[in-house]
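The primary structure of each chain is shown beneath.
There are 2 protein chains.
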Amino acid sequence: MPRLPQVRTIVSQMAPYVPGEQPAPGERVIKLNTNENPFPPSPRVLEAIHSVDGEHLRRYPSPQADAFRATAAAVHGVSADMILAGNGSDEILAIAVRTFLGPGDTLAYPDPTYSLYPVLAATCENRVVTVPWETGWELPVAALLATGARAIFFANPNAPTGTLVRPSRVRELALAFDGLLLVDEAYVDFADENCLALVHELPNVMICRTFSKGYSLAGLRFGYAIAAPALVAEMSKVKDSYNCDAIAILAAIAAIEDQAYARTTWRAVRAERSRLAGELGKRGWEVIPSQTNFVLATCPGGGAAALYRELKRQGILVRHFDKPGLADKLRITVGTAEQNDALLAALPG
Amino acid sequence: MPRLPQVRTIVSQMAPYVPGEQPAPGERVIKLNTNENPFPPSPRVLEAIHSVDGEHLRRYPSPQADAFRATAAAVHGVSADMILAGNGSDEILAIAVRTFLGPGDTLAYPDPTYSLYPVLAATCENRVVTVPWETGWELPVAALLATGARAIFFANPNAPTGTLVRPSRVRELALAFDGLLLVDEAYVDFADENCLALVHELPNVMICRTFSKGYSLAGLRFGYAIAAPALVAEMSKVKDSYNCDAIAILAAIAAIEDQAYARTTWRAVRAERSRLAGELGKRGWEVIPSQTNFVLATCPGGGAAALYRELKRQGILVRHFDKPGLADKLRITVGTAEQNDALLAALPG
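So the sequence lines, in the order shown, correspond to chains P and Y. Quick note on numbering: the first sequence equals residues 161 to 509 in this note's numbering. Quick note on numbering: the second sequence equals residues 161 to 509 in this note's numbering.
If you are wondering where the hints come from, they were derived from the structure by calculation, not from laboratory data. Heads up, some of the hints might be wrong.
[Claimed, not checked] Within a straight-line C-alpha distance of at most 27 Å, the following computed DSSO-like cross-link-like pairs (lysine-lysine) qualify:
1. Y:Lys-483 / Y:Lys-472
2. Y:Lys-483 / P:Lys-483
3. P:Lys-397 / P:Lys-442
4. P:Lys-397 / Y:Lys-397
5. Y:Lys-442 / Y:Lys-472
6. Y:Lys-483 / P:Lys-397
7. P:Lys-483 / P:Lys-472
[Claimed, not checked] Footprint (simulated), chain Y over chain P, 3 or more residues, beta carbon under 8 Å:
8. 252 to 261
9. 289 to 300
10. 314 to 320
11. 357 to 366
12. 385 to 396
13. 427 to 439
Note that beta-carbon positions come from the ideal geometry of N, C-alpha and C, so glycine has one too.
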């Protein structure tokens, strides 16, 4: 009798993915743990979804999501062949790894940053080199260059710190680097600056964006890369033939077209972020200045893990990382004013 | 100044994907070239999509599409932990390759079969060994076993031949094989038999299904694997964390729950398939008996490529493969009665 077939050693050694806590359907919680936008998506997104008909679903979608590429190109002032659409920016990151990094090639990133990068690198049998952030969460340019990496990835603004590296500093790294510099701008809609202009000047810079945060569409799974046409063409060979579904393409177009609506939510999140950070400060928390829709803050007098559990007991989910440098902190998603008030009211002292 | 970053040699050497011809929006063609179901999806699918609200989109979806798993498990008489949901069965196939085949490991398949397998293997730097089908499109069991493969994939019913290998013959291969046997049942809803029962008996058999053909949802991108829980658990580590979007999960549940509707379309396609094959036969075509929603047929007197172009000129798209053993044939998707009549009327003689 055949046995269970053997999986790759590298896979059997991987820890299974532990998804962020999701409340059960119907459970009433204040969910400030996975950095979703607290406001609903643009009404135009729902209109687009509700207009879908059977013929649209029966046929294969556009392999490159052409209509989305054209719209996003116009919004960003780039050409359509500089846009690669994906099933969430996680898929874009995975495609980038598969396109640029073979077995044994080095991926470098500052630590801590998005926890997906090492998982993707493991699947492709890449070598991973991490470099600590410089003081003040500044990009460690020299140390990253010294890794001899073929690709450098980092989230900007960064997770879980919420900090932003200025575009001039990112440019400095890109100018001195021969490989792919992927700037993962998942949270950039809440920031003061972005690195988009660098793609016009520097062919080794790739910008990665998502609809999960800024456009309130985490459920949709839609992200995209912006990069030199030659890079997009190579990545297109590696992606699944039809990686974006017909409904998501329509919804993403409707969302990105409604910049006025999106900007309203970004402004509201930024205003609540300031207020939340200020109120936490008054209560003795040390809050890292955030350019995202969350704050990373040090619990006064320690006990972050215990407080996380106590908040959960009260129906308020936040995020605690049991890791060196993070264990004394909580990462709190900026919610609506009511949600933030509820959190503040639940804090001790 | 930095140059374009280098991509992996294996990627730069890949030919870019050439999508099947898609008519431009508004263009009126009879599209019998990419094996879509000619009937619309169940009305319940559209109801499910039209019920989506902003809260559903704002939040991350279920990482494992739990509600779909439960529904599909009930329909198929398996446990929910035997179901892995994916962004199209193409993603399921890609995840299987990444889970079971490292660089240098061998993937074997009978030739011709689904043209995606070698593309996936190339990205993972696997070795590929192909084996010709036995006479009568029978599974070459001994030759496949002799390859020393870690995994064997094949489409059943097969594309582009439309032929089915009986489950007893598949079982024979699985019993003698130590690696993963992936039976890609994309077209199985139109066939007389399927291999689902084998997963209960044989831990090395994985069944792959899709909503693109049988459920008229090619635009949705939803597929799934059915296999031993241990295999599903390992593959879950390799997939993107949130690989299925919230709308697609709802739509897939609605589709698979409406078995009565789906079966009506399958019966109609099978009836039209018989009629189309019969009419082609009367006109001198040699038609391979099909268990799918397409027929592969040899053009009487040659000239398949020229006929393909002439049909296209008349607004009828079919598929021609310019490959040894296939160049004298056309692959024709079974359309509605009206579409098939139009095709038959356009044939010479």
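Hints and how they fare:
1. Y:Lys-483 / Y:Lys-472: 19 Å, holds
2. Y:Lys-483 / P:Lys-483: 56 Å, violated
3. P:Lys-397 / P:Lys-442: The hint is violated at about 53 Å.
4. P:Lys-397 / Y:Lys-397: 24 Å, holds
5. Y:Lys-442 / Y:Lys-472: Satisfied, since the Cα-Cα distance of roughly 23 Å is no more than 27 Å.
6. Y:Lys-483 / P:Lys-397: OK: Y:Lys-483 and P:Lys-397 at ~21 Å, within 27 Å.
7. P:Lys-483 / P:Lys-472: Roughly 19 Å between the alpha carbons, so the hint for P:Lys-483 and P:Lys-472 holds.
8. 252 to 261: Held - the segment 252 to 261 of chain P has 5 residues with a Cβ nearer than 8 Å to chain Y, which meets the minimum of three.
9. 289 to 300: violated (count 0)
10. 314 to 320: Check failed, 0 qualifying residues.
11. 357 to 366: holds (count 3)
12. 385 to 396: It holds, with 6 qualifying residues against the three required.
13. 427 to 439: That given contact is violated, which follows from only 0 residues of the segment 427 to 439 of chain P lying within Cβ reach (below 8 Å) of chain Y.
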